[in-house]
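Novice: One letter stands for each residue in the lines below.
Number of protein chains: 2
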Amino acid sequence: MSSSTSSVPMKKQTVPENEVQQVQLLNGVEDLYQGVVVEIKEYIDSSIFIPLLRASLSQWKQQGKRGVWIKLPIEFSHLVNPVVQEGFRYHHAEPDYLMLVNWLPYTPDTLPVNATHRVGIGAFIVNNNGEVLVVQEKSGGFKGTGLWKLPTGVVNEGEDICEAAIREVKEETGIEAEFVEILAFRQSHRSFFGKSDLFFICMLRPLSFDIQKQESEVEAAQWMPMEDYVNQPYNQKHQLFKLIAEICKTKSESNYVGFSAFPTTTASGKKTYLYFNSSDFSKL
Amino acid sequence: MSSSTSSVPMKKQTVPENEVQQVQLLNGVEDLYQGVVVEIKEYIDSSIFIPLLRASLSQWKQQGKRGVWIKLPIEFSHLVNPVVQEGFRYHHAEPDYLMLVNWLPYTPDTLPVNATHRVGIGAFIVNNNGEVLVVQEKSGGFKGTGLWKLPTGVVNEGEDICEAAIREVKEETGIEAEFVEILAFRQSHRSFFGKSDLFFICMLRPLSFDIQKQESEVEAAQWMPMEDYVNQPYNQKHQLFKLIAEICKTKSESNYVGFSAFPTTTASGKKTYLYFNSSDFSKL
Numbered sequence: 001m002s003s004s005t006s007s008v009p010m011k012k013q014t015v016p017e018n019e020v021q022q023v024q025l026l027n028g029v030e031d032l033y034q035g036v037v038v039e040i041k042e043y044i045d046s047s048i049f050i051p052l053l054r055a056s057l058s059q060w061k062q063q064g065k066r067g068v069w070i071k072l073p074i075e076f077s078h079l080v081n082p083v084v085q086e087g088f089r090y091h092h093a094e095p096d097y098l099m100l101v102n103w104l105p106y107t108p109d110t111l112p113v114n115a116t117h118r119v120g121i122g123a124f125i126v127n128n129n130g131e132v133l134v135v136q137e138k139s140g141g142f143k144g145t146g147l148w149k150l151p152t153g154v155v156n157e158g159e160d161i162c163e164a165a166i167r168e169v170k171e172e173t174g175i176e177a178e179f180v181e182i183l184a185f186r187q188s189h190r191s192f193f194g195k196s197d198l199f200f201i202c203m204l205r206p207l208s209f210d211i212q213k214q215e216s217e218v219e220a221a222q223w224m225p226m227e228d229y230v231n232q233p234y235n236q237k238h239q240l241f242k243l244i245a246e247i248c249k250t251k252s253e254s255n256y257v258g259f260s261a262f263p264t265t266t267a268s269g270k271k272t273y274l275y276f277n278s279s280d281f282s283k284l
Numbered sequence: 001m002s003s004s005t006s007s008v009p010m011k012k013q014t015v016p017e018n019e020v021q022q023v024q025l026l027n028g029v030e031d032l033y034q035g036v037v038v039e040i041k042e043y044i045d046s047s048i049f050i051p052l053l054r055a056s057l058s059q060w061k062q063q064g065k066r067g068v069w070i071k072l073p074i075e076f077s078h079l080v081n082p083v084v085q086e087g088f089r090y091h092h093a094e095p096d097y098l099m100l101v102n103w104l105p106y107t108p109d110t111l112p113v114n115a116t117h118r119v120g121i122g123a124f125i126v127n128n129n130g131e132v133l134v135v136q137e138k139s140g141g142f143k144g145t146g147l148w149k150l151p152t153g154v155v156n157e158g159e160d161i162c163e164a165a166i167r168e169v170k171e172e173t174g175i176e177a178e179f180v181e182i183l184a185f186r187q188s189h190r191s192f193f194g195k196s197d198l199f200f201i202c203m204l205r206p207l208s209f210d211i212q213k214q215e216s217e218v219e220a221a222q223w224m225p226m227e228d229y230v231n232q233p234y235n236q237k238h239q240l241f242k243l244i245a246e247i248c249k250t251k252s253e254s255n256y257v258g259f260s261a262f263p264t265t266t267a268s269g270k271k272t273y274l275y276f277n278s279s280d281f282s283k284l
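Chains W and Y, in that order, are what the protein sequence lines are. Every letter in the first sequence is one number past the one before it in the UniProt record's numbering, and letter 107, counting from 1, is 107. Every letter in the second sequence is one number past the one before it in the UniProt record's numbering, and letter 59, counting from 1, is 59.
Be a bit skeptical, because a hint or two may be false.
No distinction is drawn between identical chains; accordingly, a pair holds when it is met within one copy or between any pair of copies.
Here are the simulated DSS-like pairs of lysine-lysine, each with C-alpha atoms no more than 30 Å apart in a straight line [as the list claims (entries may be wrong)]:
1. 71 - 41
2. 242 - 143
3. 61 - 149
4. 138 - 61
What the hints contain is simulated information worked out from the structure, not anything from laboratory work.
Given these sequences and hints, build the entire structure.
Specialist: Encoded structure:
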């Protein structure tokens, strides 16, 4: 015989021992937001998984859990459809897994958004003769336009902006360089798969000068007189490009101050760079 | 009988009419990178879809196609497993669809990366008495610490940084404001699902002063004397927070110059903001 101490009025229930069931639940890890994360690590047939999932959801709902996450490695893609049938939706995917989520409460969901931006860099480098390092690319939107442009590239996952600029310049032109400042950046939207794009113009200081261009991506690379770079018809015709070229020119000739990179740590102890106008801020 | 005008030597082939087959292929849209995008828009059984996919892949391979993309709305999740079995991997997912991709050539893939960053803002606003607008949050990492912090929030998909700052301040505190400058930003990694985070400190100018706090997220909000804000023990103990507080204080007292937002358009005609030091750059 069992009795209840709950404040909710209940009938006393008699549960004969041979009617008691052991209910198996999925192993979920609780997160900081009253959620549960289930990561599938071994093959399991959907005929076994789905009853387990149903029992677990029912339990978690009673416990007041909110977001239930299922991380499915791609080798277990046979579970995607059955899990969707249980009311889960996609949250995000990487090459090797799919993350599904189910918001249990009846209130609007407060689930975190997926990543929204890709980050790119353009590198502005001037040699001792006041010439700019420029390239022409083998593919992409500027192929065949004749435009000599700053070396550009995409910041890798987990990579710092200031390090990405150095890496891209080395890869595309063979030039070694060190980071100086971020001169400007732009944000644009719907640039790929509906996602947005942040593009940072980084000034670097060259540590070597002999160009060895990357065969796969770069059609040509050279040091180009500043005026020639700025005055290219394409740069003169498009305001955004003109502004960027003029900002670079201003930087190379006078006291334009961008944001430098100060290495520090987040509250949780992770390495981070804070970018700011360190000229105007001398209280470090 | 068919003959070939190809320059490749071929045997003449005789194809009796009753052996000619009509091969059905998937409708794919070509992209700018020798790729094909297939979007599934109607229910199709996998027993019909997979043979079509195989025939199409074979054809596209012969045509020198590289990336083959399949966009699968979540209502057709029954095709995920069959498509993965044909060699596709996940590229990205949003709540209502999964994008799969298959790189056909034997060379390393040059497929674009998925979005890598989430973008957030912190808003620095000072009233005419030199007091800062600060809040305490009902949830999140700072709950219960007693820290009075700048209003913060996540930039929505497709939203400009300068507009997100205005929106978040209005939502959390009821204060109307206009954008002035980005004072600093930090980049940190592995902050959610392995993704990175860019966080921009935006200075705004208040256009109203009566606080009406958001009930759902904000525990308390107030105008706080600058010194009290900066001198909070948490801000003094953590270098990143101390730096940000000191940069804000410097901005409110002297000539610290950040990046202002200049509206312009990309080469393809999309609206974009270029952020830069417009004080040092007077050639607009």
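Novice: If a hint holds in the structure, say so; if it does not, say that too.
Specialist: The hints, checked one at a time:
Proximity of residue 71 to residue 41 under the C-alpha cut-off of 30 Å is found in both arrangements, the shortest distances being 9 Å within a copy and 26 Å between copies. For a Cα distance limit of 30 Å, the shortest separation of residue 242 from residue 143 inside one copy, 19 Å, qualifies, whereas the shortest one across copies, 46 Å, does not. Within a single copy, residue 61 and residue 149 get their C-alpha atoms no closer than 56 Å, and across copies no closer than 33 Å, so neither meets the 30 Å cut-off. For the homomeric pair residue 138 and residue 61, the shortest alpha-carbon distance between copies (22 Å) is at most 30 Å, but the shortest distance inside one copy (55 Å) is not.
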